[in-house]
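Listed below are the residues making up each chain.
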Amino acid sequence: MVGAACALYAARAGFSVVLVDRGPVAGGTTGSGEGNLLVSDKEPGPELELALLSGRLWSRLAAEPGLGASIEFEAKGGVVVASSGEGLAALGEFAAGQRDAGVDARVVTDAELYELEPHLAPGTPGGVFYPQDCQVMPSLAAAQLVRTARGLGARLLTGRTVTAVLRTTGGEVRGVRTDHGEIHAPYVVNAAGTWGGDVAALAGVRLPVLPRRGFVLVTEPLPRMVRHKVYAADYVADVASGSAALQTSPVVEGTAAGPVLIGASRERVGFDRSFSLPVMRALAAGATRLFPFLAGVSAMRAYVGFRPYMPDHLPAIGADSRVPGLFHACGHEGAGIGLAAGTGHLIAQVMAGGVPDLDLTPFRPDRFADSPAEEAS
Amino acid sequence: MSPAPTLAVVGAGPAGLSAALAAALRGVRVTLLDSAAQAGGQFYRQPAEALGARHPKALHHQWRTWERLRDGLAQQVSAGRVQHMTERHVWFVERVGEVPEGRDPGNPDGRGPGGSDRRHFAVHALPGPEQEDSVAVYADAVVLATGGYEKVLPFPGWTLPGVLTAGGAQAMLKGGLVLPGRTAVVAGAGPLLMPVAVGLAAAGAEVAALVEAAGPSHFAGRSAALAAHPDKLAEGVGYLAQLLRHRVPLAARHTVVEAHGKDSVEAVTIAALDPAGRVRPGTERRIACDTLAVGHGMLPHTDLAEGLGCRVDGVNVAVDAEQRTDVPGVWAAGETIGIGGAALSLAEGHIAGRSAAARLRGAAPDPRTWAAAAKSRTRARKFAAALAAVYVPPAHWAEQLRDDTLVCRCEEVPASAVREAVEELGATDARSVKLLTRAGMGWCQGRMCSAAVAGLAGCEERSARRPFARPVPLGVLARATDEQAPEGGPADDEQNPS
Chain A
1 MVGAACALYA ARAGFSVVLV DRGPVAGGTT GSGEGNLLVS DKEPGPELEL
51 ALLSGRLWSR LAAEPGLGAS IEFEAKGGVV VASSGEGLAA LGEFAAGQRD
101 AGVDARVVTD AELYELEPHL APGTPGGVFY PQDCQVMPSL AAAQLVRTAR
151 GLGARLLTGR TVTAVLRTTG GEVRGVRTDH GEIHAPYVVN AAGTWGGDVA
201 ALAGVRLPVL PRRGFVLVTE PLPRMVRHKV YAADYVADVA SGSAALQTSP
251 VVEGTAAGPV LIGASRERVG FDRSFSLPVM RALAAGATRL FPFLAGVSAM
301 RAYVGFRPYM PDHLPAIGAD SRVPGLFHAC GHEGAGIGLA AGTGHLIAQV
351 MAGGVPDLDL TPFRPDRFAD SPAEEAS
Chain B
378 MSPAPTLAVV GAGPAGLSAA LAAALRGVRV TLLDSAAQAG GQFYRQPAEA
428 LGARHPKALH HQWRTWERLR DGLAQQVSAG RVQHMTERHV WFVERVGEVP
478 EGRDPGNPDG RGPGGSDRRH FAVHALPGPE QEDSVAVYAD AVVLATGGYE
528 KVLPFPGWTL PGVLTAGGAQ AMLKGGLVLP GRTAVVAGAG PLLMPVAVGL
578 AAAGAEVAAL VEAAGPSHFA GRSAALAAHP DKLAEGVGYL AQLLRHRVPL
628 AARHTVVEAH GKDSVEAVTI AALDPAGRVR PGTERRIACD TLAVGHGMLP
678 HTDLAEGLGC RVDGVNVAVD AEQRTDVPGV WAAGETIGIG GAALSLAEGH
728 IAGRSAAARL RGAAPDPRTW AAAAKSRTRA RKFAAALAAV YVPPAHWAEQ
778 LRDDTLVCRC EEVPASAVRE AVEELGATDA RSVKLLTRAG MGWCQGRMCS
828 AAVAGLAGCE ERSARRPFAR PVPLGVLARA TDEQAPEGGP ADDEQNPS
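These protein sequence lines map, in sequence, to chains A and B.
Once you know that position 194 of the first sequence is 194 in my numbering, the rest is easy, because the numbers rise by one and skip nothing.
Once you know that position 390 of the second sequence is 767 in my numbering, the rest is easy, because the numbers rise by one and skip nothing.
Extracted from the complex, chain A is given alone in its bound form (with noise of 0.2 Å):
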């Protein structure tokens, strides 16, 4: 999805692009998401800047003619529900933060929350309405951004993976070598997702960037029971955590096609595709307790995915400075999607060698260059 979205800004901002992938187009870890373009999740911070900035770009994307319809965006809105009292009011002071930092979040008691979700179980105190949340068809999403780029004259490259960042003896980037010859080109844009450690690898620098693995468990077609992206409190404390072990708090929502999607679970296991049934249990569980009608709703299926997990959280957006030519744009972790339109819109106009709508210094690709190395996960 990132490398789709560089491919797009780049592209309209007048570069002639070749984007390549190993796989097919979404065959990483765009297609094993749920398409979360969110706010709600996100603490005051470069992050949340760099969200705010990414849903306004995704929403002039929804807007233009063929796109909205062809990506499935849907402006439904976020509702983060409060366990307990307490809870409510931690609830209400995290979005008083956020609300100075120019979120829409407004907080709801209990007769509003119900009817903004009228399935939910009885005795919620209350929680935070974030109209601001929305969400895409991933797949489809990173496709289409594709075509469009295409339509601009960007050649699409799949089925070729990266073997080399080849470098003039000046050490400067000149382009690539893949299993099927070499690509020349004086920028790359390293937008691997969980596997951009290993690209980063290739250019001889290091980037920090480890799998966290994530199920989606997805139900029968239904039709709309549950309106919005709602999720647990708790759900905000299990991202930013920098735990290896498993970690799930119930996220569960419709889709325009129908099938409810549940997460969300954490763990830091490598690329160990495995399935658990534990975490389906707990899934389903933390789903059924937010929505009782669940339990009688079948699961269909589940995927996997490897979200691209940083030490800090943060992505890695902009040039390296390590490495004249090449860029950065990876390590979204699960806020991929969300990230994806601002991220190409940021490298394209730093690669055009303008200034950039948002200041890149945290998302600095060689801010760990001197951090001691990482666990092995």
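Source of the hints: derived by calculation from the structure; they are not laboratory data.
Since the structure is predicted, the reported quantities are computational estimates derived from the model, not experimental observations.
Watch out, some of these pointers could steer you wrong.
[Claimed, not checked] Rough simulated footprint, nothing fancy, chain B against chain A, three-plus residues with beta-carbon under 8 Å:
1) 26–38
2) 96–109
3) 146–159
4) 219–233
5) 263–277
[Stated by the list, open to error] Computed list of chain A residues with no C-beta within reach of chain B, every gap over 10 Å:
6) K76
7) P125
8) S139
9) R206
10) A284
11) R364
Virtual Cβ for every residue (Gly too), placed ideally from N, Cα, C.
Could you slot chain B onto chain A? The hints should help.
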């Protein structure tokens, strides 16, 4: 002395029955789980007893083999060595712990034999037709004998009522003794078509045509492999004779290009195929019928194996010479490791059962003791490979699809959407086609359309990862664990197998 090791066998068709009996006869306590009300699987499908069929054997070949399996099962059940759990829809097999060296966690008193292969598994199943609850069967090892399902390739009109799979027609004949229609066309590719046509004709239907994509030239060059099975050839000749007797016209090297009808099938158009597997223009002809039974062979059920993390090669679960998968404690036999018919399933099941029995006792089995089964396995695999080479769907079947022909019925995805995903959106494999079109995301989870999507997209057919072998209510999943299924005693359904 430690208690007998336990083995769960999933699937009571030829492979599962054979494995269950082989293991039970060697001192293993077996739990045999199957989704049907009676043992036999699709091959030995039995009419419901309430129908009081007087001559079920008329619909079955190898009746004597079936009687042996059936009586063997009844004996083992009454001896308490096999528990036969019917109508158990297994949705997941879970590894619930590795066995530390020399110790068996499920049996703290007894000492596991040194170097034994005892592992612990929970087989999770939804009982009964309601499938609203889940029970778990715990076992030291598992044999997966989950069989196969029919491969469906779409064509214009294939979603009309009156179009059914060849296996579906056969199941109706064998199980329900219902004649699906009065004038039938049987079409597709594969060895199943002849018995289906004969079965329909014998049951009183007029079979207006048997349309087979393979032609005589396909058999040339494989005659040696085929002739090595005089019994099978005789079977084939027998079917041909019966087709003649029932005056069923055989259209070899032909294919159905369209089914016509308003509310249900009224006719089909068939056409001849050229050597490259394309329809020969101008050879189309229309045949009136109210039933079209169509089959293009089978695909293995691999969901449970994949949930366990077993290696799958292409569409088949991979096993070694002892029928072991690469996951310790998990064996697989029958169509789940490759389509090959009942004789092959019986041999593989037998070897799996014997291997499991030996390894559960901590002994390396001696393959010489099952030399006969191994020999028949080799022969049957050769024969299956020859058949698979003969009976292939027309190479260019996908060209017959119009843009509005549905490929995925559950999600109503037309052929044009799949073509767009490949040509415009950068999909290069079945997974990305699915993500970009929703084909295969619906109720059947792609069991119906995966072959069609792969063919249309021009990519390799691979097994799709489906963690749940069937839909599971979230309320069931939300529980920390499933109730353990009651153990011991003969199962309630096996008292009177006469």
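Okay, the hints, checked on the actual structure:
1. 26–38: With 3 residues close enough to chain B, the hint holds.
2. 96–109: violated (count 0)
3. 146–159: It holds, with 5 qualifying residues against the three required.
4. 219–233: Holds: 3 residues of the region 219–233 of chain A have a Cβ under 8 Å from chain B.
5. 263–277: With 3 residues in contact (Cβ-Cβ under 8 Å with chain B), the coverage given for the region 263–277 of chain A holds.
6. K76: holds, 19 Å
7. P125: For P125 (chain A), whose nearest Cβ neighbour in chain B is about 23 Å away, the distance exceeds 10 Å, so it holds.
8. S139: violated, 4 Å
9. R206: holds, 31 Å
10. A284: violated, 4 Å
11. R364: Holds, because the least Cβ-Cβ distance between R364 (chain A) and chain B comes to about 31 Å, which exceeds 10 Å.
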